[in-house]
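Peer 1: As a plain string of letters, each chain reads:
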Amino acid sequence: KQEVTQIPAALSVPEGENLVLNCSFTDSAIYNLQWFRQDPGKGLTSLLLIQSSQREQTSGRLNASLDKSSGRSTLYIAASQPGDSATYLCAVKQGTSGTYKYIFGTGTRLKVLA
Amino acid sequence: EAGVTQFPSHSVIEKGQTVTLRCDPISGHDNLYWYRRVMGKEIKFLLHFVKESKQDESGMPNNRFLAERTGGTYSTLKVQPAELEDSGVYFCASSQRGPGLTNEKLFFGSGTQLSVL
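Residue numbers (this note's numbering), protein chains in the order written: chain A, 3 to 116; chain B, 374 to 490.
Derived from the structure by calculation, the hints contain no laboratory data.
Since we're looking at a predicted model, the values are computed, not measured.
Wrong hints could be hidden among the right ones.
Unchecked claim - With a cut-off of at most 27 Å between alpha-carbon atoms, the simulated BS3-like pairs for lysine-lysine come out as follows: (1) A:Lys3 / B:Lys388; (2) A:Lys113 / B:Lys414; (3) B:Lys388 / B:Lys414.
Stated by the list, open to error - A few chain B residues that don't get close to chain A, going by computed Cβ distances all over 10 Å: (4) Lys414; (5) Lys417; (6) Gln428; (7) Ala440; (8) Thr443; (9) Glu456; (10) Ala466; (11) Leu474.
The beta-carbon is built from N, C-alpha and C at its ideal position, and this holds for glycine as well.
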């Protein structure tokens, strides 16, 4: 059974710092891994999607890496800003025989202090 | 382009009552998913529609939950009768690309916060 773990559960950093969020998964048979952001009372916004054949994806100040064999992904945020404060979730996509689902981690609550 | 929309945003009901949640996916998205987040726990899969067909409902907690997707457009999730442990945030997501593809990207709605008292 796939288990997705995110460490740390919460993180508070001063503005301008570079930071790394971690995601680990127990079963490497995945189709892709997505990083999401959730603001309070809002839905999830997809930040980056890394397909199983890829090693990393970049979007602006965000960079996500994927090491399938070791079951790990990291989300790197450069020069953090107060507007980055949110909960960050990773999810892996699994499935066989026409049924597919995303398995989510519990998230990392990030607070960037001005 | 409108995103995934969910109604209502909040619902407070008493134990034993019935509640129906609605999700309107992005137009043209064949895949529609329901997920739920119970307080303090991770977001968990409930079920997956491809157009109007239930592709996978292995995550549905029990037979008090009934999901439908009329004509492959919007979807409803009915809880009848509601119990205290059904409280949580119910998310809907949709995607355009085939679910078996590695580049399937999910678009989520804002969720419905359900409180059962």
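Peer 1: Hints first: check each against the structure and report whether it holds.
Peer 2: Tested hints:
1. Between lysine 3 of chain A and lysine 388 of chain B the alpha-carbon distance is near 32 Å, which puts this suggested pair outside the 27 Å criterion.
2. With a C-alpha separation of about 20 Å, the suggested pair lysine 113 of chain A and lysine 414 of chain B falls inside the 27 Å cut-off, and the hint holds.
3. Under the criterion of a C-alpha separation no larger than 27 Å, the hint pairing lysine 388 of chain B with lysine 414 of chain B is consistent with the structure, at around 21 Å.
4. A beta-carbon of chain A is positioned within 10 Å of the beta-carbon of lysine 414 of chain B; the least distance is around 7 Å.
5. In this structure lysine 417 of chain B is not separated from chain A by more than 10 Å, as the shortest Cβ-Cβ distance comes to only about 7 Å.
6. Against the 10 Å criterion, glutamine 428 of chain B falls within the reach of chain A, whose nearest CB is about 6 Å from its own CB.
7. Remark: the non-interface label on alanine 440 of chain B is consistent with the geometry, its nearest Cβ contact in chain A lying 14 Å away (cut-off 10 Å).
8. For threonine 443 of chain B, the shortest C-beta to C-beta distance to chain A comes to about 22 Å, beyond the 10 Å cut-off, and the non-interface label holds.
9. Against chain A, the non-interface label of glutamate 456 of chain B holds: every CB pair exceeds 10 Å, the least being about 23 Å.
10. Its closest Cβ contact with chain A, about 8 Å, brings alanine 466 of chain B to no more than 10 Å, contrary to its assignment away from the interface.
11. Its closest Cβ contact with chain A, about 8 Å, brings leucine 474 of chain B to no more than 10 Å, contrary to its assignment away from the interface.
Comparing the model with each numbered hint stated earlier shows that hints 1, 4, 5, 6, 10, 11 do not hold.
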